[in-house]
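Protein chains: 2
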Amino acid sequence: MDGQCIPNWLKKRANLTPDRMALYFSGESYTFKELYIESLNAAAKIAGLKIDTGGYIAVLLRNHPDTVFILLALQMLGIKTVILNNRLSAQELSWQIGDSCAAAVITEESFSSTAVEITKKMDETAVITKEQLFERQDGQAQIVDEFSLADVCTIMYTSGTTGHPKGVLQTYGNHWWSAIGSALNLGLMDKDCWLCAVPLFHISGYSILIRSIIYGIPIVLHEKFVAKRVLHDIAKFNVTIMSVVSVMLVNLIDGLNEHALPASFRCMLLGGGPAPLPLLEKCRKKSIPVYQTYGMTETASQIVTLSPDYSLTKLGSAGKPLFLSQLKIVNFLGNEAGSKEEGEIFVKGPNVTPGYLHHDTVIDHNFGEGWLSTGDIGFLDDEGFLYVLDRRSDLIISGGENIYPAEIEGILLSHFEVSDAGVIGINDSKWGQVPAAFVVRKSGSEVTEDDLAAYCKQKLAGYKVPKQINFVDELPRNAANKLLRRDLPKLVRKGNERD
Amino acid sequence: MDGQCIPNWLKKRANLTPDRMALYFSGESYTFKELYIESLNAAAKIAGLKIDTGGYIAVLLRNHPDTVFILLALQMLGIKTVILNNRLSAQELSWQIGDSCAAAVITEESFSSTAVEITKKMDETAVITKEQLFERQDGQAQIVDEFSLADVCTIMYTSGTTGHPKGVLQTYGNHWWSAIGSALNLGLMDKDCWLCAVPLFHISGYSILIRSIIYGIPIVLHEKFVAKRVLHDIAKFNVTIMSVVSVMLVNLIDGLNEHALPASFRCMLLGGGPAPLPLLEKCRKKSIPVYQTYGMTETASQIVTLSPDYSLTKLGSAGKPLFLSQLKIVNFLGNEAGSKEEGEIFVKGPNVTPGYLHHDTVIDHNFGEGWLSTGDIGFLDDEGFLYVLDRRSDLIISGGENIYPAEIEGILLSHFEVSDAGVIGINDSKWGQVPAAFVVRKSGSEVTEDDLAAYCKQKLAGYKVPKQINFVDELPRNAANKLLRRDLPKLVRKGNERD
Chain H
1 MDGQCIPNWL KKRANLTPDR MALYFSGESY TFKELYIESL NAAAKIAGLK
51 IDTGGYIAVL LRNHPDTVFI LLALQMLGIK TVILNNRLSA QELSWQIGDS
101 CAAAVITEES FSSTAVEITK KMDETAVITK EQLFERQDGQ AQIVDEFSLA
151 DVCTIMYTSG TTGHPKGVLQ TYGNHWWSAI GSALNLGLMD KDCWLCAVPL
201 FHISGYSILI RSIIYGIPIV LHEKFVAKRV LHDIAKFNVT IMSVVSVMLV
251 NLIDGLNEHA LPASFRCMLL GGGPAPLPLL EKCRKKSIPV YQTYGMTETA
301 SQIVTLSPDY SLTKLGSAGK PLFLSQLKIV NFLGNEAGSK EEGEIFVKGP
351 NVTPGYLHHD TVIDHNFGEG WLSTGDIGFL DDEGFLYVLD RRSDLIISGG
401 ENIYPAEIEG ILLSHFEVSD AGVIGINDSK WGQVPAAFVV RKSGSEVTED
451 DLAAYCKQKL AGYKVPKQIN FVDELPRNAA NKLLRRDLPK LVRKGNERD
Chain C
1 MDGQCIPNWL KKRANLTPDR MALYFSGESY TFKELYIESL NAAAKIAGLK
51 IDTGGYIAVL LRNHPDTVFI LLALQMLGIK TVILNNRLSA QELSWQIGDS
101 CAAAVITEES FSSTAVEITK KMDETAVITK EQLFERQDGQ AQIVDEFSLA
151 DVCTIMYTSG TTGHPKGVLQ TYGNHWWSAI GSALNLGLMD KDCWLCAVPL
201 FHISGYSILI RSIIYGIPIV LHEKFVAKRV LHDIAKFNVT IMSVVSVMLV
251 NLIDGLNEHA LPASFRCMLL GGGPAPLPLL EKCRKKSIPV YQTYGMTETA
301 SQIVTLSPDY SLTKLGSAGK PLFLSQLKIV NFLGNEAGSK EEGEIFVKGP
351 NVTPGYLHHD TVIDHNFGEG WLSTGDIGFL DDEGFLYVLD RRSDLIISGG
401 ENIYPAEIEG ILLSHFEVSD AGVIGINDSK WGQVPAAFVV RKSGSEVTED
451 DLAAYCKQKL AGYKVPKQIN FVDELPRNAA NKLLRRDLPK LVRKGNERD
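The listed protein sequences derive, respectively, from chains H and C.
If you read the first sequence in the UniProt record's numbering, its first letter stands for residue 1, the second for the next number, and so on.
If you read the second sequence in the UniProt record's numbering, its first letter stands for residue 1, the second for the next number, and so on.
There may be inaccurate statements among the hints.
One side of the interface only, derived from the structure: several residues of chain C facing chain H at Cβ under 10 Å [stated by the list, open to error]: (1) TRP9; (2) VAL247; (3) LEU261; (4) PRO276; (5) GLY316; (6) LYS320; (7) GLY370.
Hints are computed from structural coordinates only; laboratory data are not their basis.
Every residue gets a Cβ at the ideal spot worked out from N, C-alpha and C, and that includes glycine.
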């Protein structure tokens with residue numbers, strides 16, 4: 001991959017198929033030529049900020065055509081984009097902006113209160129709204145002719161088991177190969193059209209943007225997921241593919257009593273955690289072709305996919321690694337596992353991140369060059385189909401968002417009346433899972449559940465705030481004082497969750 | 001590209017879609033799983049020859065499933081394959097085998113007389129037929145798990161302007177990216193099926209083999225082009241894509257009075273030289289979707305393609321460079337040409353060869369890393385569509401085969417009664433062009449046209465033997481004694497061509 005260059009993909013696409021549709025959003029629409037021109041305009045504005053090529057700019061933006069223009073402009077300027085999750089708290093965002101050393105943050109007026117808070121915390125970083133940006137004079141934009149596949153394109157933060165988020169480096173090559181791997185799996189039809197109601201700040205949404213340009217197919221972009229609008233637009237634009245997480249699919253199926261999916265709709269790409277069996281059965285009854293996937297920010301979208309052909313015979317499986325990708329199960333002795341033997345999932349492929357910002361490589365050399373330890377547990381059956389038993393043992397997946405207990409525990413422990421804290425996921429009919437906390441108060445403290453929830457809300461994205469906080473006398477810990485999260489479920493309170 | 005590895009593509013394909021059809025030939029058919037098993041069997045036989053990994057084996061084979069197994073086996077053993085054109089003379093073949101230092105030649109009984117002649121000329125090289133090979137005991141085959149994109153996969157000889165053929169190095173990456181570039185252009189449909197009646201020893205045929213594995217689609221393989229059989233199989237197997245040269249397309253159209261192409265047929269990929277206007281018009285009338293292409297052995301198949309959407313508005317154009325490829329016109333002052341300005345065609349992309357065997361790199365550094373000088377002349381219009389005016393000024397394209405005058409002149413000059421010789425292409429209603437020679441006899445010589453034709457036949461492939469040989473008193477040469485081939489047409493004899 002090192003050294004291999006490919007043409008600036010948006011410029012190339014606009015040259016090859018200028019008049020094909022590229023983007024629909026609300027009443028607006030753009031051809032690839034128009035998309036290119038709008039992105040050039042955005043590039044001229046950003047050039048006025050005088051950030052060096054190879055520098056970092058963070059973006060805090062909602063799904064909107066302007067966001068698309070800005071993201072594509074940053075690519076064409078050779079600037080690395082730190083893509084911020086707009087559901088995070090100002091404190092979380094400031095930490096990521098600081099960690100990435102982004103020279104500027106581009107946000108929008110709708111996030112102005114967050115922007116004010118961020119600005120207070122940043123010394124050197126310019127915070128500017130897109131509305132201000134677009135009013136500025138043009139700078140001298142140096143548009144790159146080629147992308148080097150080894151260069152970093154985007155950075156997305158993901159919390160690790162350590163509690164502190166880490167910036168996942170995603171190269172142009174990671175995005176490129178991910179798009180190619182997906183095309184070799186799903187095919188590339190004449191009239192393909194991809195509906196994006198997942199966030200562009202997630203790899204699930206950003207990867208759709210990349211595919212659109214590489215494949216030359218339009219995106220129907222939604223600001224957020226509203227089942228009724230999605231069903232309306234699937235019919236209106238003859239959408240053929242849509243990326244979803246389970247909670248979205250549940251809502252779509254409920255709405256399908258009135259609307260049927262058109263015959264041209266060919267793929268519901270389901271990510272963000274395992275799909276419950278009843279949901280898959282409902283989809284089968286309604287002839288919705290579901291492709292279950294397994295992937296993560298570190299693999300630049302899906303790396304393992306199960307096609308609908310196998311959704312019955314291989315129920316519960318995540319499928320097989322895509323054409324370019326490889327997968328190994330490593331058992332608890334550190335050897336490659338046999339068929340049906342459990343172990344940790346290792347993946348390899350040109351879509352796998354070279355590492356985390358400021359951290360040593362994530363690549364494990366024990367099993368040869370390029371293998372990424374996912375931390376997830378699973379096994380392969382006789383035919384090589386993957387079954388994921390557990391995401392990283394402590395990972396909570398809530399409506400497609402990853403939540404790391406250690407991060408919430410860190411916030412709770414920072415409260416001066418808390419002496420110990422443990423967090424686990426509990427089942428939730430709507431979101432799949434939600435976080436629940438177990439807290440040991442300091443002697444004499446009378447801090448309440450509401451106090452701690454309010455405290456968490458200040459510091460964490462709403463979806464990370466524990467849905468119940470249980471006060472206990474002590475937490476289960478092993479001899480080495482390691483928290484035994486697997487023993488926490490016994491302590492879960494039934495019913496009466498907060499809010 | 002350096003260092004990037006991808007999974008052994010046949011093994012991966014057999015794992016992903018074992019039961020999909022891979023190959024049809026005459027009455028035989030193979031799924032991808034069966035193709036893999038047959039290729040493993042061939043690999044075990046070849047392993048018995050004890051050629052080192054990274055070594056060279058030459059193959060002289062016709063289109064046949066065995067050829068497919070052997071070509072794929074060589075990939076899986078990590079052996080570089082020198083693919084010989086089976087229309088060449090024993091002398092030409094021996095030269096290429098010697099030049100490549102191939103440790104063995106795998107051929108077949110139907111070429112036994114050629115094999116005997118080659119064996120006579122080779123000291124160290126083992127010449128073995130596939131029939132003998134398959135009778136041998138299995139060796140210990142070491143199947144590679146991954147292909148490095150930078151590694152050489154195949155070598156195909158192409159004659160240059162110098163008269164001596166040169167071995168074009170084609171890496172796994174060249175083949176891989178060529179297949180991806182083609183898919184991004186043509187799409188990849190659910191029921192795609194590619195008919196291959198072009199030789200597997202040409203890049204036009206070999207590239208179909210690679211695409212079949214990467215895309216997971218079947219090939220309908222024909223030993224040679226017979227229009228009636230092709231039309232029969234297009235209908236029988238619901239073929240969607242076929243690679244042709246002009247002379248094949250002419251024959252197909254003539255046969256179409258009885259047979260119509262099925263609606264699912266979506267692409268006639270036309271390579272091997274410019275298409276005459278009347279042919280394109282006939283195709284339009286018969287609703288045959290023709291994609292005109294420009295490519296060469298050095299670009300591992302097409303690098304520029306014109307889609308049918310533009311075949312009327314851009315009549316005569318070869319189209320635009322594929323998504324991964326770039327193109328420049330360099331004018332005669334050595335600068336990048338403006339729109340509509342003529343010059344030499346330079347191409348760049350990951351499908352472009354790293355160079356020729358035993359020769360320095362072909363890549364021109366004057367225009368930055370990676371640009372290949374094609375020697376062909378053309379221009380770009382305002383919208384970036386390429387018009388090829390002339391293949392290398394002296395190149396003769398006859399029924400899709402490249403013929404280099406210098407090579408034929410060299411043979412003529414080696415005759416003891418010839419003092420000077422020049423060769424050009426003349427128009428031919430069937431083949432597009434055929435070679436014509438101009439010979440100055442040595443004083444007192446009475447050598448005849450038939451004598452010289454017979455002499456050429458011993459040393460050259462049949463299609464390279466001049467269709468007419470004109471005796472002249474002297475050849476037009478400039479002050480520097482350089483042959484002025486452009487002045488030869490004036491000397492062409494009308495009518496009464498030999499044979």
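### Query
Can we keep the C/GLY316 interface hint, with Cβ of chain H closer than 10 Å?
Violated: closest Cβ of chain H sits about 19 Å from C/GLY316, beyond 10 Å.
### Message
Given C/LYS320 as an interface hint, is its Cβ closer than 10 Å to any Cβ of chain H?
### Response
Check passed: Cβ of C/LYS320 comes within 6 Å of chain H, closer than 10 Å.
#### Entry: chain H contact restraint on C/TRP9 - CB to CB distance below 10 Å
holds (8 Å)
### Query
With a cut-off of 10 Å, does the beta carbon of C/PRO276 approach a beta carbon of chain H closely enough for the hint to hold?
violated (26 Å)
### Evaluation of the interface hint that places C/VAL247 against chain H, nearest CB under 10 Å
Interface hint status for C/VAL247: violated (30 Å vs cutoff 10 Å).
### Task
Closer than 10 Å between Cβ atoms is the bar; does C/LEU261 clear it against chain H? Give me holds or violated.
Violated. Min distance 17 Å.
### Task
Double-check C/GLY370 for me: the hint is only fine if its C-beta lies closer than 10 Å to a C-beta in chain H.
holds (8 Å)
When each numbered hint is compared with the structure, violations occur for hints 2, 3, 4, 5.
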